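Participant: Each chain, written out:
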Amino acid sequence: MPARSLPASIDATVDLLAEADYLADRSLGTVLYLALKMGRPIFLEGEAGVGKTEIAKVLSTTLGRRLIRLQCYEGLDITAAVYEWNYAAQMIAIRVAEAEGERDREKLEHDVFSERFLIKRPLLQALEPDAAGAPVLLIDEIDRTDEAFEAYLLEVLADFQITIPEMGTVKAAHSPVVVITSNRTREVHDALKRRCLYHWVGYPSAERELSIVRRKVPGVGKKLSEQVVAFVQALRKRDLFKSPGVAETLDWAAALSELDVVALDPATVSDTLGVLLKYQDDIARLEGSKVKELLDEVKSELRAAE
Amino acid sequence: MAEHNGRLAENILYFARALRAAGIPVGPGAVLDALEALRVAGVGTRNDFYWTLHAVFVKRHEHSILFDQAFRIFFRRRGFIDQLLAMMLPQAPAPREAPQPGATRVHEALYAGLDDKLKKEREIELDARMTVSDREVLQKKDFAQMTSAEIAAAKEAMKKLVLPLAEVRTRRLAPHLHGHLIDIRRTLRASMKGGGAFIDLRFIGPKTKPPPIVALLDISGSMSQYSRIFLHFLHALTDARKRVSTFLFGTRLTNVTRALRERDPDDALAACSASVPDWSGGTRIASSLHAFNKLWARRVLTQGAIVLLITDGLERDADDALGFEIDRLHRSCRRLVWLNPLLRFEGFEARARGIRTMLPHVDEFRAIHNLESMAALVAALQRSADRAADPKAWMQRVA
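Chains A and B, in that order, give the protein sequences.
Letter 29 of the first sequence, counting from 1, is numbered 29 in this note's numbering, and no numbers are missing.
So this note's numbering is basically just the index in the second sequence, starting at one, shifted up by 1000.
Honestly, the hints are just simulated from the structure, not real lab data.
Please read all numbers here as calculations on a predicted model, not as lab measurements.
A hint or two may mislead.
As the list claims (entries may be wrong) - Mimicking DSSO-like on lysine-lysine, the simulated pairs with C-alpha atoms at most 30 Å apart in a straight line are:
(1) A:Lys242 - B:Lys1294
(2) A:Lys120 - A:Lys222
(3) A:Lys193 - B:Lys1207
(4) B:Lys1193 - A:Lys107
(5) A:Lys278 - B:Lys1294
(6) A:Lys216 - A:Lys237
With the hints as extra help, turn the sequences into a complete structure.
Facilitator: The following block contains the structure:
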């Protein structure tokens, strides 16, 4: 998709996301619009499977920008996140220069530590100039990494410049659009959150989830989609260890349509419960008659609503 | 809202102060951000206005509710807003404050500094009075039977007790003298000095770090004599280490980590008491552990945490739920240490149903009723589990 300018209003932002089949609510649209206009990073927090990572992908598709993804893990350091020197090539260059009888040490150092031998990792790639406009930098699951990396990231996000001791400072011509996601397995430091615009991505309402299912899984029937969404919404009200997210709902709808199911019945639900619930204790809690009870409740509510 | 445009900035400023009073930390930078955000987004519908301010002021999910309440109250009616503003103006007389908990100590500290000579003499006297045998007695004395002077001495001793505990290896690599990986970058830089003729190897190895500690402290009636002392211990631990989280439970579970971060121990304990509604009430261990597992386990137990469960284990309704929850807790952490003040009784046997349910799922079972046992705990956390604290031995000791 060709590069586009940033959306001009909150409505335009919500429409932009809808173009790529991402149905966001008004609060998310507001935060995204403000972040794009004010040039601030976005900090998205929420349970797993609610669509945090998806936002960055959708933004890059609709705005026509490159997506650069930095997946965080414990022990992530500058070598893996920012840059690394191509040591093998450097050593060969040194030996070749030696064999040729090159005596000028400064020239050698200048050659060896040049961009030719620099391997650029995601953070440095994000600062490079791009014809299509500043890229979208996705920093995924920042809660997996440790405080040292957070401190470094804070420094980078403040000025969008990185200093390579051997070469100099690299500064971005246009600040990238930064999206940071977190699963909240660790409290991220306040300083980083203060720099960003924060948003908690929660589970969608029944109507929004229904529209999402209909958009994303086109093959699913009208009645089935209503029942699926109502069942998942009822499940979330229960005391489960891990409630199913939107991704699980979509997977389930797709699985059921593969199985050519037209309407839910207890046997099918029990068989495919593993798509929705990922903990054995939760599945055990819903075994046997409880599935039938829940399904009957859901169906009677749907009939009453019609 | 058009006629309020001239006073919009002031309104936002006062709203920020209301948020601060409600408990959301809002700095002056956030107010400037809010004004810029409103300029960018425009003051349109009430809903958009709400979400614009929400995006700027709320930085934690828990603050969302506070923000909602504050917004509803603040931006309700014009007359009400003016009343509220009048209340928050800096000229308003401040209400009389209750004396701060640490006030007497500050007073003492100030006046103690004036009389240095006398103080020195007094110090020497104090040393002579606390003979070795007195100190030994203090070590072994049960907390429940201490006088307040002895408790003060115990608190001092506790501060000295919190040594750096054993560290665990992390995945972060740092320069290490005898590491097992060659750090090519530093090696190359070092060898550039010699023109590339010599290769001076430099190494990196895994960095070590003390593991996070999570303390679950029972504050019900049966533990009331020990709770305050343990809170002091946990406060000293919070001071000394980076990642210490503390939760208090009785009938409900409360996270008091931030309250314990206050420098002054009296302030910290006052903040704890203020936030906990069920002090010295009943005990519901199973439901508290369930709440912890559901809401907090995935947030504080990552990166190899050690859990200190401080409770006497006397649960009113010990059923399968208790066994299930403590099993889950055991699986989610690196080491689960159960500290039970009931072990102060010489002939303690694990007969109570609650205790027998919990014992198989615990890595270590230790006493915690006096300073000696606390020192033993600290020493034990420096090594791996030893056999004296093996819970299986306690299960078999019952005839």
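Participant: Next, verify each hint and record whether it holds.
Facilitator: Against the structure, the hints:
Distance restraint check for A:Lys242 and B:Lys1294: the Cα-Cα separation of roughly 8 Å lies within the 30 Å cut-off, and the hinted pair is therefore satisfied. Between A:Lys120 and A:Lys222 the CA atoms are separated by roughly 49 Å; this puts the pair beyond 30 Å, and the hint is violated. Between A:Lys193 and B:Lys1207 the CA atoms are separated by roughly 26 Å; this keeps the pair inside 30 Å, and the hint holds. The straight-line distance between the Cα atoms of B:Lys1193 and A:Lys107 is roughly 14 Å, inside the 30 Å bound, and the hint therefore holds.
Proximity of A:Lys278 to B:Lys1294 is assessed by CA-CA distance (about 15 Å); at most 30 Å being required, the pair is judged to hold. Our distance criterion of 30 Å between C-alpha atoms is met by A:Lys216 and A:Lys237, whose separation comes to about 24 Å.
The structure does not agree with numbered hint 2 stated previously, though it agrees with all others.
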